[in-house]
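*Asks:* Sequence:
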Amino acid sequence: QDNLYFMKIREEQCSDMSIREIMKAVANCCDIIYFSARKFGFARGGGIAMRESPLVNPLKELVVLNEGFLTYGGMSVREMAAITVGLEESMDETVISQGPEFIRYMVDELVKLGVPVVTPAGGLGCHLDAREFLPHVKAGEYPAAALASALFIAGGIRGMERGTLSENRNADGTESSASMELLRLAVPRRVFTLSQIKYCIDRVHWLWQKRELIGGLRFVREPKILRFFTGELEAVSGWQETLAASFRSDFGNSL
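Read in order, the letters of the sequence shown are residues 1 to 255 in my numbering.
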């Protein structure tokens with residue numbers, strides 16, 4: 001959805017096309033299209049669309065073996081009905097523009113406040129540059145994850161770490177430092193109001209002003225696989241308590 005909207009507003013040859021026309025032009029370039037309906041259809045499930053090819057029948061066999069019969073592919077009737085409506089709504093520019101426009105607003109406002117973010121604004125969410133935000137936190141102490149923890153303390157806002165914590169360790173047990181340390185603040189469609197985006201901006205700005213209080217994290221329990229999903233970490237020193245005390249000093253018990 002986001003890419004269709006960006007093509008409409010950023011690509012000169014698409015400026016006079018409807019979203020449906022852009023989608024058709026993209027589809028005409030493809031032999032296989034597969035999609036997650038969560039991201040393109042507002043519902044759980046997905047689909048694979050193909051031109052006639054030798055791959056069609058083998059894929060049908062795998063669907064029956066692994067998912068369910070071809071008429072439903074493991075999805076309930078309710079989910080398929082929701083996807084049908086969602087796909088139709090995804091052709092409406094006013095619907096698919098909401099997420100990217102909220103993200104653009106958040107990015108632009110944070111840039112004005114001097115907060116390091118990834119620019120230009122794109123789709124999915126606003127990405128804080130944790131390496132620039134917390135230059136004093138070493139990569140091995142997971143700056144993006146530390147920033148995620150701090151933002152939850154300061155605002156009850158849950159972001160997604162995209163950095164060293166998401167990497168697997170090297171074979172010798174050393175850390176594999178990520179090329180970027182980002183905190184993703186996703187903006188799902190039809191979830192937030194502009195007032196909630198402004199609230200998030202306010203709390204990120206407060207953290208930016210208190211960034212020297214934020215320290216690193218270390219593992220208490222580190223799974224060997226997908227450690228960022230089920231691992232447990234603790235603060236290096238007592239910085240989380242110090243940050244919470246500073247929050248209460250400024251805001252009282254507002255959370």
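Worth flagging that the hints you see were computed from the coordinates, not collected in a lab.
Heads up, some of the hints might be wrong.
Unchecked claim - The calculated label-pair distances, taken between Cβ atoms and stated as ranges, are:
#, residue 1, residue 2, range
1, Phe219, His136, 15 to 21 Å
2, Ile32, His136, 46 to 52 Å
3, Cys29, Met80, 24 to 30 Å
4, Thr193, Asp31, 40 to 46 Å
5, Ser18, Glu241, 34 to 40 Å
6, Gly122, Glu234, 29 to 35 Å
7, Val85, His136, 45 to 51 Å
Said to hold, decoys possible - Listed below are the simulated DSSO-like cross-link pairs for lysine-lysine, each with C-alpha atoms no more than 30 Å apart in a straight line:
#, residue 1, residue 2
8, Lys198, Lys210
9, Lys39, Lys8
10, Lys8, Lys60
11, Lys138, Lys8
12, Lys39, Lys60
13, Lys8, Lys198
14, Lys224, Lys210
Beta carbons are placed, not taken as given, at the ideal position from N, Cα and C, and that holds for glycine.
*Asks:* Taking each numbered hint in turn, which are not upheld by the structure, reported in ascending numerical order?
*Replies:* Those not satisfied are hints 5, 10, 11 and 14.
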